[in-house]
Amino acid sequence: DAKTTQPTSMDCAEGRAANLPCNHSTISGNEYVYWYRQIHSQGPQYIIHGLKNNETNEMASLIITEDRKSSTLILPHATLRDTAVYYCIVNTGNQFYFGTGTSLTVIP
Amino acid sequence: NAGVTQTPKFQVLKTGQSMTLQCAQDMNHNSMYWYRQDPGMGLRLIYYSASEGTTDKGEVPNGYNVSRLNKREFSLRLESAAPSQTSVYFCASSEGPSQGGNQPQHFGDGTRLSIL
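If you're matching them up, the sequences are chains A and B in order. Read in order, the letters of the first sequence correspond to residues 579 to 686 in this note's numbering. Read in order, the letters of the second sequence correspond to residues -4 to 111 in this note's numbering.
Chain A with its partners taken away, still in its complex shape (with noise of 0.2 Å):
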């Protein structure tokens, strides 16, 4: 059963903020909502994550709905090299829940 849903796939122009949309409405009240992005089948690089509030950090912002059933990870300003497979992930404790993905193209 998919935790998480997201759109197959987006375009973002370059230099522009990237705004990739999640659906987690089974998540519990304890789960924590990760953002991994995966370039050319290399390693998941993670991005951030967050429990309830909003987060920051260098590469992103993380926006959480009130009542946590979605989620939306803003990059700020898109780069080529932010082309890559953007997952958003329900973490259970002990087991990350991957689903297919965002491919997110940022054209120039």
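The hints are simulated quantities; they were obtained by calculation from the structure and are not laboratory data. From a predicted model like this one, the values you see are computed outputs, not experimental measurements. Please note: incorrect hints may appear among the correct ones.
Some chain B residues close to chain A (C-beta under 10 Å, calculated; not the full set) [as the list claims (entries may be wrong)]:
id	residue
1	P3
2	F5
3	M36
4	R39
5	Y43
6	E47
7	G53
8	N57
9	N60
10	T81
11	F85
12	C86
13	A87
14	G96
15	F102
16	R107
Residues on chain B that point at chain A, a partial pick, calculated with CB under 7 Å [unchecked claim]:
id	residue
17	A(-3)
18	G11
19	P34
20	G37
21	L38
22	L40
23	D104
Positions of the beta carbon are idealized from the N, C-alpha and C atoms, including for glycine.
Got chain A; can you put chain B on it based on the hints?
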């Protein structure tokens, strides 16, 4: 900063052969994981070790065995390889159970395994 190191990077096997995939981490993490990724799909958990001396099944454990050799090393063994096990295998580590869900996993670069 090595992080998570996987060996080998590539391997071709014949059906029925056995093989052990090696993984080592240098971050003093307690928990380690093995995933597989098939074309066009996300990663699926095979086995994990929450702490040294323990191992548990994940989502797709059939056909695999694991050994947590020590805190640093976690190996994955295919006793009798089958074509359906052709995949990319990723190892990961995280701080450990005491952190609950508040612990990122750090991934290696994968082992690309083809079984003919």
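Hints and how they fare:
no. : hint  : in the structure
1   : P3    : 15 Å, violated
2   : F5    : 12 Å, violated
3   : M36   : 6 Å, holds
4   : R39   : 7 Å, holds
5   : Y43   : 6 Å, holds
6   : E47   : 15 Å, violated
7   : G53   : 6 Å, holds
8   : N57   : 17 Å, violated
9   : N60   : 19 Å, violated
10  : T81   : 14 Å, violated
11  : F85   : 6 Å, holds
12  : C86   : 9 Å, holds
13  : A87   : 8 Å, holds
14  : G96   : 4 Å, holds
15  : F102  : 4 Å, holds
16  : R107  : 8 Å, holds
17  : A(-3) : 13 Å, violated
18  : G11   : 27 Å, violated
19  : P34   : 9 Å, violated
20  : G37   : 3 Å, holds
21  : L38   : 4 Å, holds
22  : L40   : 5 Å, holds
23  : D104  : 5 Å, holds
Consistency note: the structure conflicts with the earlier hints numbered 1, 2, 6, 8, 9, 10, 17, 18 and 19.
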